Amino acid sequence: MDRFKGVENYILSDALREIVNAAIVLRRPLLLKGEPGTGKTQLAEVIAADLGLRLVRWNVKSTTKASDGLYVYDTVQRLNDSRFHDKDVSDIKQYIKLGRLGEALASEEQVVLLIDEIDKADLEFPNDLLFELDQMSFDILETGEHVTARHRPIVIITSNSEKELPDAFLRRCLFHYIEFPEPEMMERIAAVHHPDLQPRLIAQIVARFYFVRRQRDLKKKPSTSELLDWIQAVVAGGIDAEALQRRLPFLGVLLKTEEDVARVSRGDR
Amino acid sequence: MFINLFQALRRHGVPVTFDEWLTLQAALGEDLAGGSLTRFYHLARATLVKTEAHFDRFDRAFLDCFSHIGTDAELLGRIEERLGKMPPLELTDEERRLVGALELEEVRKGFLDRLRNQDDMPHVGGNKAVGTHGRSPYGAWGYNPAGVRVGQGEGVHRRAVQIAERRSFRNYRDDVALDVRGMKTALGLIRQAVREGPKESLDVEGTVRATCRNAGELEFVWERARRKRIKLLLLMDAGGTMEPHAELVSRLFSAAKDVVKDLKPYYFHNCVYQDLYTDIRQMRSVPTRKVLEAVPGDYKAILVGDASMAPGELLRPNGAIDFWYENDRPGVEWLSDIRRRFPKAIWLNPDPRAWWDGTPTVGMVRSIFPMFELTLEGLRAGARALMRSG
Chain X
1 MDRFKGVENY ILSDALREIV NAAIVLRRPL LLKGEPGTGK TQLAEVIAAD
51 LGLRLVRWNV KSTTKASDGL YVYDTVQRLN DSRFHDKDVS DIKQYIKLGR
101 LGEALASEEQ VVLLIDEIDK ADLEFPNDLL FELDQMSFDI LETGEHVTAR
151 HRPIVIITSN SEKELPDAFL RRCLFHYIEF PEPEMMERIA AVHHPDLQPR
201 LIAQIVARFY FVRRQRDLKK KPSTSELLDW IQAVVAGGID AEALQRRLPF
251 LGVLLKTEED VARVSRGDR
Chain P
270 MFINLFQALR RHGVPVTFDE WLTLQAALGE DLAGGSLTRF YHLARATLVK
320 TEAHFDRFDR AFLDCFSHIG TDAELLGRIE ERLGKMPPLE LTDEERRLVG
370 ALELEEVRKG FLDRLRNQDD MPHVGGNKAV GTHGRSPYGA WGYNPAGVRV
420 GQGEGVHRRA VQIAERRSFR NYRDDVALDV RGMKTALGLI RQAVREGPKE
470 SLDVEGTVRA TCRNAGELEF VWERARRKRI KLLLLMDAGG TMEPHAELVS
520 RLFSAAKDVV KDLKPYYFHN CVYQDLYTDI RQMRSVPTRK VLEAVPGDYK
570 AILVGDASMA PGELLRPNGA IDFWYENDRP GVEWLSDIRR RFPKAIWLNP
620 DPRAWWDGTP TVGMVRSIFP MFELTLEGLR AGARALMRSG
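From first to last, the protein sequence lines stand for chains X and P. So for the first sequence, the numbering used here puts the first residue at 1; every next one is plus one. So for the second sequence, the numbering used here puts the first residue at 270; every next one is plus one.
Since the hints were made in silico from the structure, they are not lab data. On a predicted model such as this, the values are computed, not experimentally measured, just so you know. Where hints are given, some of them may not hold.
[What the hints assert, rightly or not] PhoX-like cross-link-like pairs, simulated, lysine-lysine; straight-line CA separation at most 25 Å:
| no. | chain 1 | residue 1 | chain 2 | residue 2 |
| --- | --- | --- | --- | --- |
| 1 | X | LYS61 | P | LYS559 |
| 2 | P | LYS559 | X | LYS65 |
| 3 | P | LYS533 | X | LYS61 |
| 4 | X | LYS33 | P | LYS453 |
| 5 | P | LYS500 | X | LYS120 |
| 6 | P | LYS468 | X | LYS65 |
| 7 | X | LYS61 | P | LYS526 |
| 8 | X | LYS120 | X | LYS65 |
| 9 | X | LYS65 | P | LYS497 |
[What the hints assert, rightly or not] Each pair of labels, with its calculated beta carbon distance range:
| no. | chain 1 | residue 1 | chain 2 | residue 2 | range |
| --- | --- | --- | --- | --- | --- |
| 10 | P | GLU488 | X | SER161 | 44 to 50 Å |
| 11 | P | ARG478 | X | GLN135 | 33 to 39 Å |
| 12 | X | ASP229 | P | VAL477 | 54 to 60 Å |
| 13 | P | GLU602 | X | LEU141 | 50 to 56 Å |
| 14 | P | PRO467 | X | THR143 | 27 to 33 Å |
| 15 | P | GLU492 | X | GLN77 | 49 to 55 Å |
Note that CB positions come from ideal geometry on N, CA and C, so glycine has one too.
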């Protein structure tokens, strides 16, 4: 099988690349945690792009039920159709709608399945998926159909640790915690997104960014995406490295609450 | 392989299971570590540790097992100097078997011994000394399944032991928060299914019935979805002997507040009498009888206390520790009332089990409530008992 190598515009650590490959070889779901903005969701896109596979994305919400991910049986539609005679109501198949997980398992070719923010759902949600993720197959009770994946999907699961995940679920996953990038790596990330900027200016902006991040008691620490926006703002504002040293412009781009902005501006004297 | 790491992890309190261990073995079987200790470090962590809160423990366990493998920069430099690249040694399967695998520990000792005894001549192709392409377990580009590899292009500064030594995940350890989290998951065990919330799931049978009655004109019947809820009455002892456990109890309380939507928390002083306190400092209280009437009996009850008191406090009218507090019914009767009202009830005792027999009142309370230690394990066992009884 093809090995995952990473793509040009997504900087990732060697450790993470190896773990992605381990998850593929061992056929285990990969559970990713880490601060917001560390590229958890993006990783699945990158894997799909790199291996030339289709990405099936399942965004989990607090109301999402595990069974909905497999399929939904549209009883209401069927009952409704039973009143008219334009459709064959005894053909239940047409009322079965595959969910994202069902779609990934039923797919003819191998796909990358992203289960995004699994911790948003009910506590039992991950446990309800155990069997299907282990066996990569499921039954459609209404039609008696048995769906088995032809090619085991590469499963990437992200979590923001809002809830503890059940042990039985964790045992089956490989786990990686994406650390917030070190300044050096952040410079590379910034350079990928702004290739025409001078390295010196990027280094300067990144240094100032980490200065802001280091401030204590921030309500919300700025993340990578805020840094990239900030670079855009600094460049558009025509601010050079020297001016950046003296003051912090466009703080509102980095910080999302007034208290944070006030705290950092005070500390910047 | 590396069973000592498994043991060290368990010793450091990382809950590694045998299944996860086998996954790591499978990964090594696929050569995913490729003979690099750094890659082995990441691979082992990804397969064995499932929360960043345990990464630091993993680092310490890893150091216990592998820090001695680390070679300092000077030593590495000297070895690398000696090793020149040569065409790889070709071995037949038969020869491979003969070489066999040595125990890691043996290899390590031998490595150090041999390095000490070896003269400073570069060594290529032999069976014993540290060099290149040989059958000795030491050196680079050679063949031996349990070999110690040295150098081989991996930067000195990124070696696994040093990653572990940095222990960069120290900050993710938060034993207090961990406890609260553990408690939360334990409390999560006592959820029960109830129908509640908006009517949003279709009652198919009801719909068919209603439609038939309606002469075939479609009529939908909806019902409330089943959801899992925890309903919990939490009674906490805030008496004097509980002072050392105040922190633990407040942790339990904050865990309960987070997980339990229907939480009824009250305090009592050593034993429950006719009043339960909503605020023990300001002595704000509600009559116990009212609580017993108002809180539905399908609530689960958890009482927290050391149950250590003078027997009179439990058995006699007016026996309360507070002299001015008059109770016409003895505490033991109130406790029995609570148990009758809430068949699913347990008592959590912060004192270790070994002490329980030394206090007569503990035995009396235990005859009313099943008692568990207020530890994570006790809480789990208690939660399971709550789900069993009745």
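Here is what the structure says about each hint:
1. X:LYS61 - P:LYS559: violated (40 Å)
2. P:LYS559 - X:LYS65: With Cα atoms ~39 Å apart, LYS559 (chain P) and LYS65 (chain X) exceed 25 Å; violated.
3. P:LYS533 - X:LYS61: violated (29 Å)
4. X:LYS33 - P:LYS453: holds (20 Å)
5. P:LYS500 - X:LYS120: Holds - the C-alpha atoms of LYS120 (chain X) and LYS500 (chain P) are around 22 Å apart, at most 25 Å.
6. P:LYS468 - X:LYS65: The given pair, whose Cα atoms are some 16 Å apart, holds under the 25 Å limit.
7. X:LYS61 - P:LYS526: holds (23 Å)
8. X:LYS120 - X:LYS65: Satisfied, since the Cα-Cα distance of roughly 11 Å is no more than 25 Å.
9. X:LYS65 - P:LYS497: Distance of about 13 Å is within 25 Å: holds.
10. P:GLU488 - X:SER161: 44 to 50 Å: Since GLU488 (chain P) and SER161 (chain X) have Cβ atoms about 45 Å apart, the given range 44 to 50 Å holds.
11. P:ARG478 - X:GLN135: 33 to 39 Å: holds (37 Å)
12. X:ASP229 - P:VAL477: 54 to 60 Å: For ASP229 (chain X) and VAL477 (chain P) the Cβ distance comes to about 56 Å; the hint holds.
13. P:GLU602 - X:LEU141: 50 to 56 Å: This hint holds: roughly 53 Å between Cβ atoms.
14. P:PRO467 - X:THR143: 27 to 33 Å: Holds, at about 30 Å.
15. P:GLU492 - X:GLN77: 49 to 55 Å: violated (19 Å)
Consistency with the previously given hints fails for numbers 1, 2, 3 and 15, ordered from lowest to highest.
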